[in-house]
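> Each protein sequence line maps, in turn, to chains A and B. According to numbering that gives the first Met the number 0, the first sequence is numbered sequentially starting from 0. According to numbering that gives the first Met the number 0, the second sequence is numbered sequentially starting from 0.
Since the hints were made in silico from the structure, they are not lab data. The C-beta atom is built at its ideal place from N, Cα and C for all residues, glycine as well. Check each hint, because a few of them may be wrong.
[Said to hold, decoys possible] For each label pair, taking beta carbons as the anchor points, the in silico distance ranges come out as:
#	chain 1	residue 1	chain 2	residue 2	range
1	A	G129	B	Q90	54 to 62 Å
2	A	I31	B	G155	28 to 36 Å
3	B	N91	A	Y131	23 to 31 Å
[As the list claims (entries may be wrong)] Distance condition first, Cα-Cα at most 27 Å in a straight line; then the derived BS3-like pairs of lysine-lysine:
#	chain 1	residue 1	chain 2	residue 2
4	A	K341	B	K96
5	A	K128	B	K68
6	A	K128	B	K96
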Amino acid sequence: MFYREAGQFKTTYISDQELFPVKQDRWGILLIIGFSFIVIPLIANDYWLQAILIPFLIFSLAALGLNILTGYAGQLSLGTGGFMAVGAYSCYKLVTIFPETNVILLILVSGFFSAGIGLIFGIPSLKIKGFYLAVATLAAQFFFEWLFGRVKWFYNYNDSGAIEVPVRKFFDIAVTGPIATAQTRYVVVLCIVTFLALIAVNIVRGRIGRAWMAIRDMDIAAELIGIRPLTTKLIAFAISSYYAGVAGALFVFAYLGSAEVEVFDINISFEILFMIIIGGLGSISGAFLGAAFIVLIPILITNLPRMLGMPINAATVEHFNFMILGALIVLFLIFEPHGLAKIWTIMREKLRVWPFPY
Amino acid sequence: MERKIGETLLGVEHISLSFGGVKALTDISFNIREKEVFAIIGPNGAGKTSMLNVINGFYHPQQGEIHFKGLHRKQMRPHEAAVQGIARTFQNVALFKGMSTLNNIMAGRNLKMKTNLFWQALYYGPARTEEMINREYVEDIIDFLEIQSIRRTPVGKLPYGLQKRVELGRALAMAPELLLLDEPMAGMNIEEKQDMCRFIIDINEQYGTTIVLIEHDMGVVMDLSERLIVLDYGRKIAEGTPDEIRGNQVVIDAYLGVAHTN
Ligand SMILES: Nc1ncnc2c1ncn2[C@@H]1O[C@H](COP(=O)(O)OP(=O)(O)OP(=O)(O)O)[C@@H](O)[C@H]1O
Ligand SMILES: [Mg+2]
Numbered sequence: 000m001f002y003r004e005a006g007q008f009k010t011t012y013i014s015d016q017e018l019f020p021v022k023q024d025r026w027g028i029l030l031i032i033g034f035s036f037i038v039i040p041l042i043a044n045d046y047w048l049q050a051i052l053i054p055f056l057i058f059s060l061a062a063l064g065l066n067i068l069t070g071y072a073g074q075l076s077l078g079t080g081g082f083m084a085v086g087a088y089s090c091y092k093l094v095t096i097f098p099e100t101n102v103i104l105l106i107l108v109s110g111f112f113s114a115g116i117g118l119i120f121g122i123p124s125l126k127i128k129g130f131y132l133a134v135a136t137l138a139a140q141f142f143f144e145w146l147f148g149r150v151k152w153f154y155n156y157n158d159s160g161a162i163e164v165p166v167r168k169f170f171d172i173a174v175t176g177p178i179a180t181a182q183t184r185y186v187v188v189l190c191i192v193t194f195l196a197l198i199a200v201n202i203v204r205g206r207i208g209r210a211w212m213a214i215r216d217m218d219i220a221a222e223l224i225g226i227r228p229l230t231t232k233l234i235a236f237a238i239s240s241y242y243a244g245v246a247g248a249l250f251v252f253a254y255l256g257s258a259e260v261e262v263f264d265i266n267i268s269f270e271i272l273f274m275i276i277i278g279g280l281g282s283i284s285g286a287f288l289g290a291a292f293i294v295l296i297p298i299l300i301t302n303l304p305r306m307l308g309m310p311i312n313a314a315t316v317e318h319f320n321f322m323i324l325g326a327l328i329v330l331f332l333i334f335e336p337h338g339l340a341k342i343w344t345i346m347r348e349k350l351r352v353w354p355f356p357y
Numbered sequence: 000m001e002r003k004i005g006e007t008l009l010g011v012e013h014i015s016l017s018f019g020g021v022k023a024l025t026d027i028s029f030n031i032r033e034k035e036v037f038a039i040i041g042p043n044g045a046g047k048t049s050m051l052n053v054i055n056g057f058y059h060p061q062q063g064e065i066h067f068k069g070l071h072r073k074q075m076r077p078h079e080a081a082v083q084g085i086a087r088t089f090q091n092v093a094l095f096k097g098m099s100t101l102n103n104i105m106a107g108r109n110l111k112m113k114t115n116l117f118w119q120a121l122y123y124g125p126a127r128t129e130e131m132i133n134r135e136y137v138e139d140i141i142d143f144l145e146i147q148s149i150r151r152t153p154v155g156k157l158p159y160g161l162q163k164r165v166e167l168g169r170a171l172a173m174a175p176e177l178l179l180l181d182e183p184m185a186g187m188n189i190e191e192k193q194d195m196c197r198f199i200i201d202i203n204e205q206y207g208t209t210i211v212l213i214e215h216d217m218g219v220v221m222d223l224s225e226r227l228i229v230l231d232y233g234r235k236i237a238e239g240t241p242d243e244i245r246g247n248q249v250v251i252d253a254y255l256g257v258a259h260t261n
């Protein structure tokens, strides 16, 4: 009864174009943002931050990037892991070459390297589509896995072959490295993800977002109304890869602490693709819902039986995880291609007219 | 009619187009003048759609030339045709199915919108102003086509007749000088047809848009168009006013399927 548009008439197109036209939505989002920024750092313990919230946010960012490319612009990519690796390794090089420079800035800059790489791998998209394009992006995946594993310069000739995140401070607080607290890292990740998510929301609701969707839905008609297919797709590749790159940098710098190139293997590309399928193709909130879902499932499978007093071992957890994910993806693809985000919208529509649906 | 027909807007000169062995168009020439409603008729497979595809740069003819607004060209990209002010609708609706009516028509404003990625990302300043100006333009079209109530509906969910209307809206959003309509009334009932006729007349009279119309319903063609050409097997077999065409024996034969001698 309280979730209503009644009395909220839109008198100008500007207010009609607001992000969240329903007041309750606006408050809801502000509430979530306020809660994440203020309450969570105060009450969440290290396990919650390190095992759930930080990876959730980073995966959301990567999923957001892929959703721009695949969900909005309709270009299927299996190269997400590769683009994330480019972000992570360029961030590592930047941080070691410019030790005095603010690490948060460098994380944001490293995204531009993967954006450039994404641009190059986007060029074939003018000629090839769908499955074949996916195969071309797979080339990016394997090439960068090979490159960063082989060329020692990228990991500064460390004996371990891994990139070790050095301690970097921001106003005397350690932001990265072994001594950075989970709280700090969480807040840094949250700031970056919130900022980039807002930018994504703005882009998709304007001219560029419409051009992406037009190319996705009917490229011939899009061209006939003056949308340039190649430029439009390349912008999608660049922006999408930027997001993947920043996510990759955060994955190592704010989450893992040290990593070898294997963490960016093909599995992570698929995992992120599953997130947007389950969360909802072509939806910003879908990226977050999908990431939450996929981060939480294995945790639930591990903890639920334990709480019920019958713990299961790690291998079984993994099997269950695959089975449940597989089944869900098939179900979503068949019954709700727009994913959790769509289900949420439907529920909201119902709520809007409840309890008098007519 | 107070509208005055002007100079030649589009000239088609000796266009021939073939696909492999299939000759879709053979040596077609005609002129379309500013502000007129010009019809292309002919039996199925005559080459009408192919003709439109040539005009807006989607097909590249093997021979012949086109001039539009005094500019000659042998070939161009669909994008360039759009920039020059040519818009069209399709025989089989080609809308952006996953987008709302509003976004489909807003997409038609794409060429009029210029703000860069930076402002787009902030959705502020010039980007916001530009969005609002174009939104107002689009709302006028929505009012004109009487589709206010489906503004937010994904077009894939609309009935066929409304989809055709939205597609017309998207073409109008480009503020074209030349509007190509490929069977805009196919598959519609009488009322929908009447609405569509009214829209076409109003577009032509209010905005002064030149219109090329492909239509099978002869009654509609006779009512709307000032001049027309008749295609049959990729050739132009007649050109003239509706009255002239009505009595033309060659045309009657083509429609009745009399055996071809050439
Ligand atoms: N892309 C294409 N490839 C091959 N042949 C084509 C192509 N487009 C059109 N044709 C052929 O060109 C000829 C003319 O087709 P077109 O679609 O222009 O006819 P039309 O007059 O629009 O017919 P209809 O009234 O059925 O829409 C047909 O023989 C068709 O098969
Ligand atoms: Mg046709």
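> If a hint holds in the structure, say so; if it does not, say that too.
Okay, the hints, checked on the actual structure:
Distance hint for G129 of chain A and Q90 of chain B: a CB-CB separation of about 25 Å, inconsistent with the stated range 54 to 62 Å. Checking the proposed 28 to 36 Å range against I31 of chain A and G155 of chain B shows it holds: the Cβ atoms sit about 31 Å from each other. The beta-carbon spacing between N91 of chain B and Y131 of chain A, approximately 25 Å, falls within the hinted interval of 23 to 31 Å. Among the hinted pairs, K341 of chain A with K96 of chain B is consistent with the structure: their alpha-carbon atoms are about 16 Å apart, no more than 27 Å.
Simply put, K128 of chain A and K68 of chain B have alpha-carbon atoms about 36 Å apart, too far for the 27 Å limit, and the pair is violated. A threshold of 27 Å between alpha carbons decides the hint, and for K128 of chain A with K96 of chain B the separation of about 18 Å falls inside it, so the pair holds.
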